[in-house]
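All chains should be built: construct the whole structure from the sequences, respecting the hints.
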Amino acid sequence: MSAPESRIDAARRAVTDVRERWSAWCAPTPVGLPATHLLIGGLAILAVVFLALVATSINGTSSGAFFPMVSSGSDPALLFGHPNTIRTDEWNVQTVWAIAQVEQGLPAINGTFPGGMDTSLPQDLPRVDWSVVFRPHLWGFLVFDVGHAQAWKWWLPVFGVAAAAYAFVLTVLPRRPLTALSVAVAFAASPFFAWWLLQTTLWPVAWGLLVLTAAFWVTRSRTRRSLWTFGILIGYLTVVVAMGIYVPFIIPVALVVAAVVVGVAIEAAPRIGWASVLRRLGVVLGAGVAAAGVLVVWLLTRWGTVSAFLSTAYPGERLEQTGHGANPEAVAALFGSSFTNALRRAGRFIDPNASESATFFLPGLFLGVVVLWLVVRERRKGRSTPWALLLGYVALLVLLAFAFIPGWDAVAHLLLLDRTTLGRIRIGLGFGSLVVLVLLMARVTPAARPGWVVSAIGPAVFLLSQVGIAVAVGLRAPDLLAAAGVWWAYAAVGAIVILAVARGWRTIAAAGMLVLSVVASYNINPLYLGVFDLRTTAPAQAIEELDDAHAGTWVGVGGKVVTALLLESGATAFNGFQGAPGREMWDAIDPSGSYEYQWNRLAGVSWVPGDGEPVVSNPYPDQIEVTFDACSTFAQEHVTYVLSDAASDESSACLTAVRSFDLPDGALTISKVVPRP
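FYI, the numbering for the sequence shown is 1 to 677, going by my numbering.
Because the hints were derived from the structure by calculation, they are not lab data. One should not assume that every hint holds.
As the list claims (entries may be wrong) - Using C-beta positions, here's what the derived DEER-type ranges look like:
{"hint": "1", "residue 1": "Leu-178", "residue 2": "Ala-667", "range": "54 to 62 Å"}
{"hint": "2", "residue 1": "Phe-144", "residue 2": "Gly-610", "range": "38 to 46 Å"}
{"hint": "3", "residue 1": "Val-247", "residue 2": "Thr-507", "range": "36 to 44 Å"}
{"hint": "4", "residue 1": "Ile-8", "residue 2": "Ala-448", "range": "31 to 39 Å"}
{"hint": "5", "residue 1": "Ala-667", "residue 2": "Ala-410", "range": "55 to 63 Å"}
{"hint": "6", "residue 1": "Ile-508", "residue 2": "Ser-276", "range": "34 to 42 Å"}
{"hint": "7", "residue 1": "Val-297", "residue 2": "Gly-382", "range": "46 to 54 Å"}
{"hint": "8", "residue 1": "Ala-326", "residue 2": "Ala-460", "range": "18 to 26 Å"}
{"hint": "9", "residue 1": "Ala-326", "residue 2": "Arg-12", "range": "42 to 50 Å"}
{"hint": "10", "residue 1": "Phe-80", "residue 2": "Ser-651", "range": "41 to 49 Å"}
{"hint": "11", "residue 1": "Thr-385", "residue 2": "Trp-139", "range": "38 to 46 Å"}
{"hint": "12", "residue 1": "Thr-507", "residue 2": "Asp-479", "range": "32 to 40 Å"}
Even for Gly, the Cβ is constructed at its ideal location relative to N, Cα and C.
Structural data, given as structure tokens:
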């Protein structure tokens, strides 16, 4: 044998040896569950990335949007990208309130609004309170500075989704740790999550994936340790999700979870018996009952806030009708994942803004023909029906029916689907699509797969849908189509992913999903070092000095930065985004209650110049705009200082200027209210 042939043979033997070692290392347990070292190893990789991001305080906050309002030049903390200004719920509400809480010492009752505000419901602010045990994303504020705490809050729910997704995929595909890691990261990086990156969005999805993982483990594992471990984890995370109280994101996920768990139980019953199935799943159900008990205690201790919030005019009780999306625009908005670039470039696609336009790539939905093929094949071969997969796909169809088929409101009400909305239902479709895709990947292999005709139906339908959307948008809104850029490339990769799942090419499918998610979402939110803390600015420090010398109550007249400065400096003020309206505050502003409908809502409170007593209006349902006149009875009796920007130009015989600051957009003035002449 020649020397080159010997080297080739040696290389082949080395490759074979590596494959055999890898196969042995990835071997599942006798009951088909993943090896413990694979589960822990993948979670450890994700945890290291999470801890590194927290340690460096790098996160995706858009609080740097305030920088050009108060400073000139470039923001040194902005490492990549630009502030995502549409995410006002993050940078102009939650982050501002979090810093206000830190400034006030993390109280259970925030003292900004006259009369105070409960910090746990619905704002979910950092605080020192027993319920924070179940708000893990807030723990950073108890031990870190505000910048590192913001990074902890930003990334922990993302890590939760990625970790739960990894555990779920590895449980279903126990020999494929790299595939599991790729799919988990791809799912956590979905553009929908990036545009809605809040704990109320992410924790329900992490909970759903954990419950599904637990269902597979407890019906297969022979140890009590698995039962109790998952019981504790599910009980804890159930409380975490429930305390977020955002039902529109919880219900769609819970529907898919319930359907798949029933399927897992049906599949397990012939193997271990119904009595054992019910006993094992009963531990998980018991954890849910215990969680409900904790939630009841939490709600009872805050019943006054709960009652006030439930009686608001907005959001109030909103019930969505079935078929609300039975129009071409809604169909395009849901399925237009290939047009995601338009959200960043044009600020929207079909829906009013980028966040509302965000959707998922939904390969699981387009694999319905393969699901049907698999069910028929299993029945013909005398094998059991893949109930978890089948019922998971049925749940997807129910969610689609709720969006597009009218006339079954009574049934939807029983399923609680009317508590969600057309836009929020997408989270259930994205979650369910992932579940269906992973369950299919476990059953469809190169040795057991449908023919080319069946395999090609899903990708063909997907491509046709994207082309159809492109044609329609090109005719009606060519600017949006232009903003979408290389939509055809997204569509092509998406079709390859769907085809790869149908053909059993797992590595290609996972890699394609990862590419799609990362390319679509990498520039949605910036990379920011810490958080932009307005307390370091001259206006905020002046507010603190005045308040320390002579404490009083403030009104901020003008734009966003005026309110943010008052909140972050710790002043008592009539500004800010309120949860349940405070009676003391609104009795002062509107003693007759004439404007109760306008102010009795979950909304941001801002002020503009006006004449006479305050007039309250709603430019948008979640905004409360109030007029301010320093000579009014309200101002004379309840206001000490006024912070106003150049745009408001608040001048009055009842105001005397105390301090003025030159900002990039004009002057910012602190005035003191003086008696009427």
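Results of checking the hints against the structure:
1. Leu-178 with Ala-667: 54 to 62 Å: For Ala-667 against Leu-178, whose Cβ atoms are near 58 Å apart, the range 54 to 62 Å holds.
2. Phe-144 with Gly-610: 38 to 46 Å: At 42 Å between Cβs, range holds.
3. Val-247 with Thr-507: 36 to 44 Å: Because 38 Å falls inside the window, the suggested range holds.
4. Ile-8 with Ala-448: 31 to 39 Å: Holds: the Cβ-Cβ distance is about 33 Å, inside 31 to 39 Å.
5. Ala-667 with Ala-410: 55 to 63 Å: holds, 59 Å
6. Ile-508 with Ser-276: 34 to 42 Å: 38 Å Cβ-Cβ, so the 34 to 42 Å window holds.
7. Val-297 with Gly-382: 46 to 54 Å: With a Cβ separation near 52 Å, Val-297 and Gly-382 satisfy 46 to 54 Å, so the hint holds.
8. Ala-326 with Ala-460: 18 to 26 Å: Roughly 24 Å apart at Cβ, these two residues keep to the hinted range, so it holds.
9. Ala-326 with Arg-12: 42 to 50 Å: 59 Å Cβ-Cβ, so the 42 to 50 Å window is violated.
10. Phe-80 with Ser-651: 41 to 49 Å: holds, 42 Å
11. Thr-385 with Trp-139: 38 to 46 Å: Given about 44 Å between the Cβ atoms, the range holds.
12. Thr-507 with Asp-479: 32 to 40 Å: holds, 39 Å
Against the hints set out earlier in the document, a violation occurs for number 9 only.
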